[in-house]
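Line by line, the protein sequences are chains A and B.
Mapping the first sequence onto the working numbering, position 198 (from 1) lands on 206, and the numbers just tick up by one.
Mapping the second sequence onto the working numbering, position 368 (from 1) lands on 376, and the numbers just tick up by one.
Treat the hints with care, since some could be wrong.
[Claimed, not checked] Under 7 angstroms between C-beta atoms, here's a sample of chain A residues computed to sit facing chain B:
hint, residue
1, G27
2, F30
3, T31
4, V74
5, Q78
6, S82
7, P88
8, R96
9, Y105
10, I112
11, A116
12, L117
13, T138
14, F141
15, L236
[Said to hold, decoys possible] Simulated DEER-style distance windows between Cβ atoms:
hint, chain 1, residue 1, chain 2, residue 2, range
16, B, E312, A, R136, 43 to 49 angstroms
17, B, K102, A, R136, 58 to 64 angstroms
18, B, R27, A, S142, 19 to 25 angstroms
No lab work stands behind these hints: they were computed from the structure.
Just so it is clear, CB atoms sit at the ideal spot from N, CA and C, and this is done for glycine as well.
Letter by letter, the chains look like this.
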Amino acid sequence: MIQVSGLHKRFGAVHAVNGVSFTAPNARVTGLLGPNGAGKTTTLRMLYAVMRPDEGSIQVDDVDAVRAPQTAQSHLGVLPDGFGLYPRLTAREHIRYYGQLHGIGGKALDERAAELITLLDMQEIADRRTGGFSHGERTKVAIARALVHDPANVLLDEPTNGLDVMSTRAVRVIIRRLRDQGRTVLFSSHVMQEVSALCDSIVVIAGGRVVANGTPDELRAQSGHENLEDVFVALTGQEVHR
Amino acid sequence: MNGARILVVMRKELRDSFRDRRALFSIFFSAIFFPIVITLMMNRVADRARDADHVVIPVVGAENAPALVNWLQQQYGVTIVPGPSDPEAAVRDKKVDVVLVIPKDFAERFKASKAAQVRVVSDSSRTVSEPVVSRVRGLVAAYGGQIGGLRLIARGVSPSIASAVQIQNIEVSSAQQRAATILNFIPLMLMIAAFSGGMQIATDSTAGERERGSLEPLLVNPVPRSIFVGGKWLAATVAAMLSVCLTTALSVAQLHLIPLEDLGIRFGLGPNEVIGMLAAILPLCPLTAAIQLYVGTYARSFKEAQSYMGVLISMLMLPALLSSLYPIADRPWMYPAPIVGQYLLLTAFLGGRSPGWLEFSLSAGSAIVISLLLVRLTTRLFQNERIIFGR
């Protein structure tokens, strides 16, 4: 479970995140929806503790992520914006490197890597260098790498961005499976369809603030629009053009 | 746990680099390039030294002093050939190293026991022709001395009366020290190896890591930033040390193939000297790695990092350059200065002296202290959001 309250982050004069609060419960997919530049990535970066919030608190399970960032990180699996793979390492070497950084080693690591490779259906590419991988294949490597330590919470920043239909479906299957295993899944997107297809609850962010929060049905009821896309435009429209 | 993870990071960086052609090039470049340069340069010098033993002297106006020319011809290794019509132009155009010109009035003045003149035409800006020119000067002076002595004896005067002061040359530098001045570029070479060996790893694992976007996911792992910096530093250090060892091994092997005896050099680079030189230069590797890591982290891009590296590598030339301009005796306080200390230790070894423990510890100790300091500063940069996410 992830609980965020009163999060603020400023970059010089820009107030990128301006008092964001929400809860992402266990065994649920929570979507962080917002237009480009709304503060989604900055919010996620503070959640996975590579940025320090100016104000506010973050709880990852029972851990205060602001005070104990590394402990929080060991409860998190993260797919950041842009996967950042090493082109000269193989898929398996990526998984193993992150596993070792999490303190996994020996036979346990071998087994875990093999398990993830099977789970993500990447047996054929497992021992090839990632330099020539397609976007979909790179996504799989990055996801496998993020899950190597079996985290209870999974954060994904725009996971389906730029993926073709088949790869998008594969990622959706993975996200649902993670939820069904009882994990907290929080992912960000600026694509309405993505969020409506996957999310149990949605947090709409615009201009660094939470403008709406609830299940898709609740959001429809709140805004009075039937179509989720209209809901999105109604909630964020003015902020986008500000 | 943290120690093990430093090694995890180091192993990953090394594995990554060993698959990178640019990194391999930066490690093996000096090991391959410098022995070739040594061979070419030393062979050239050796050839020239041999040349001085066997000189061909173009003489203009040989008919004016047949006795002198005859005497020259009898000297060991001397061949007399007719000189060019325009001696000055021939020397200037590098057609010949030296021309001996005997003027028409030579015989007349010689008979009258006046100082008879000969002209040695040479170009002093050409260092390569210097051995030949000084051989010719020496020969002519020796002839003059002999004749002068004979004339004095003929007049019943001892020749030693004419030489009120006699110079006796006593060379204090050992043969190895003279060799060291020729082999002056070996310290420079080893320092370039220490610098270039880790350069690619240090840049690729900092500026490169950020540029390809792999830094952010890396930092999501629950590992202190100091572990990442430490591992990357060790990887660059290992690469630099590897480069230094390879360069040393290949250069020493190469030196044994060069006819150093022709230069009048007894150059004993035995196992002790090689170990001493490695002990002198290896502590520079962690320092160069730490400098590169800091610069690579600070630079906004890979390109920017590389241009800083170019400036840094030219700083390695400074001690060698300065010591050739201002020949300074080494003092203990100079040893802790990075690069200068290593330079002094290496020149000492090449000159056949063994520096003391104090000099070694001062130079190695300060290099390690400064590199640890730089690693800490780099760790601080790694904690800076503006550095991590670019400016």
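Evaluation of the provided hints:
1. G27: It is violated, given that the least Cβ distance between A:G27 and chain B is near 20 angstroms, above 7 angstroms.
2. F30: With a minimum Cβ separation of about 20 angstroms from chain B (threshold 7 angstroms), the hint on A:F30 is violated.
3. T31: violated, 21 angstroms
4. V74: Where the cut-off is 7 angstroms and the nearest Cβ of chain B is about 14 angstroms from A:V74, the hint is violated.
5. Q78: holds, 4 angstroms
6. S82: Holds, because the Cβ-Cβ distance from A:S82 to chain B comes to roughly 4 angstroms (cut-off 7 angstroms).
7. P88: holds, 5 angstroms
8. R96: holds, 4 angstroms
9. Y105: The hint holds - A:Y105 has a Cβ within 7 angstroms of chain B, the shortest such distance being about 5 angstroms.
10. I112: violated, 11 angstroms
11. A116: violated, 15 angstroms
12. L117: Not OK, violated: A:L117 not within 7 angstroms of chain B, min 11 angstroms.
13. T138: Cβ of A:T138 sits 11 angstroms from chain B, so the hint is violated.
14. F141: violated, 13 angstroms
15. L236: Violated, because the Cβ-Cβ distance from A:L236 to chain B comes to roughly 30 angstroms (cut-off 7 angstroms).
16. B:E312 with A:R136: 43 to 49 angstroms: The hint (43 to 49 angstroms, Cβ to Cβ) is violated, given that B:E312 and A:R136 are roughly 32 angstroms apart.
17. B:K102 with A:R136: 58 to 64 angstroms: holds, 60 angstroms
18. B:R27 with A:S142: 19 to 25 angstroms: holds, 21 angstroms
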